[in-house]
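J.: Just so you know, the protein sequences line up as chains A and B, in that order. According to the working numbering, the first sequence holds residues 1 to 165 in order. According to the working numbering, the second sequence holds residues 1 to 42 in order.
Incorrect hints may have been included.
Computed list of lysine-lysine pairs in BS3-like fashion (alpha-carbon distance at most 30 Å, straight line) [what the hints assert, rightly or not]: (1) A:39 x B:2; (2) B:2 x B:30; (3) A:137 x B:30; (4) A:137 x A:39; (5) A:137 x B:2.
Sample of chain A residues lacking proximity to chain B, with all beta carbon distances greater than 10 Å (derived) [said to hold, decoys possible]: (6) 101; (7) 103; (8) 112; (9) 116; (10) 148; (11) 151; (12) 155.
Derived DEER-like restraints, expressed as beta-carbon distance ranges [unchecked claim]: (13) A:23 x B:2: 17 to 27 Å; (14) A:72 x B:23: 32 to 42 Å; (15) A:114 x B:10: 22 to 32 Å; (16) A:36 x B:2: 29 to 39 Å; (17) B:33 x A:109: 31 to 41 Å; (18) A:82 x B:34: 16 to 26 Å; (19) B:2 x A:164: 34 to 44 Å; (20) B:18 x A:109: 12 to 22 Å; (21) B:10 x A:164: 14 to 24 Å.
These aren't lab readings, by the way, just hints derived from the structure by calculation. Remember, predicted model here, so these are calculated numbers, not experimental data. All C-beta atoms, glycine included, are put in the ideal place defined by N, C-alpha and C.
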Amino acid sequence: MGAIQFPPTPLGSEIWEQISTTTASGATVSFTSISGYRKLALLVENALATTSGTKTTSLQINSDTGNKYTTVRQTSTMAITSNSSSLITGNHTTTVGLDGLFVIDNCDSSTIKLISGWLFANGLDGSVAINPNSVYKGSATVSSIQFKTNDTFASGTITLYGVRA
Amino acid sequence: MKKPIIQEIDVSTGEVVEREMTKAEHDEYKKEQKATLETVVE
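Chain A with its partners taken away, still in its complex shape (with noise of 0.2 Å):
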């Protein structure tokens, strides 16, 4: 008989690591060479724009500007964009940064990858938090993620986790 351990692991966790971290600059920071990954998280930590005005973040997987990207959020009301050539996630200014979580999923497979989010303090719109939940149709594994903003970063933290394959 084994040795008994305690706590015990659960079925089917989940060990999140760390992968890579970085201060925001220019107006796309873009992750590559990821691989062996079948999850990944990115931690987007008070992003601020640069130039007055309220500017658009978004997420594109593997540089793939093609109309892929579905999504379904949630604000005062439900909006849901289909075919898009990225994923809205948030708007932010110089003085209102966007905070968010988005987790991709199926990141190792051939099918489509599933994209959930959950901004934490996007205040431009008057929500507290905004759910954008989403498809990227795109067959390639990722390899890649890139996190933009049609402005520059004038800050904000962008950090990458992943769960193996």
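Given chain A, work out where chain B should sit, using these hints.
T.: Below, chain B without anything else, positioned relative to chain A:
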């Protein structure tokens, strides 16, 4: 107009490179700039 920068992090080596957008990337960026308020504010 100077093209915006892309920050690339190779997670296998930890190497960080900042480079200018290619023409295709810049064209996509300009398209996204125009789309801001149409696609996000509901």
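J.: Against this structure, judge whether each hint is valid.
T.: We went through each hint and held it up to the structure:
no.: 1; hint: A:39 x B:2; verdict: violated (36 Å)
no.: 2; hint: B:2 x B:30; verdict: holds (13 Å)
no.: 3; hint: A:137 x B:30; verdict: holds (24 Å)
no.: 4; hint: A:137 x A:39; verdict: holds (16 Å)
no.: 5; hint: A:137 x B:2; verdict: violated (33 Å)
no.: 6; hint: 101; verdict: holds (18 Å)
no.: 7; hint: 103; verdict: holds (17 Å)
no.: 8; hint: 112; verdict: holds (22 Å)
no.: 9; hint: 116; verdict: holds (19 Å)
no.: 10; hint: 148; verdict: violated (7 Å)
no.: 11; hint: 151; verdict: violated (8 Å)
no.: 12; hint: 155; verdict: holds (13 Å)
no.: 13; hint: A:23 x B:2: 17 to 27 Å; verdict: holds (21 Å)
no.: 14; hint: A:72 x B:23: 32 to 42 Å; verdict: holds (33 Å)
no.: 15; hint: A:114 x B:10: 22 to 32 Å; verdict: holds (26 Å)
no.: 16; hint: A:36 x B:2: 29 to 39 Å; verdict: holds (37 Å)
no.: 17; hint: B:33 x A:109: 31 to 41 Å; verdict: holds (34 Å)
no.: 18; hint: A:82 x B:34: 16 to 26 Å; verdict: holds (19 Å)
no.: 19; hint: B:2 x A:164: 34 to 44 Å; verdict: holds (40 Å)
no.: 20; hint: B:18 x A:109: 12 to 22 Å; verdict: violated (32 Å)
no.: 21; hint: B:10 x A:164: 14 to 24 Å; verdict: holds (18 Å)
Of the numbered hints listed earlier, those contradicted by the structure are 1, 5, 10, 11 and 20.
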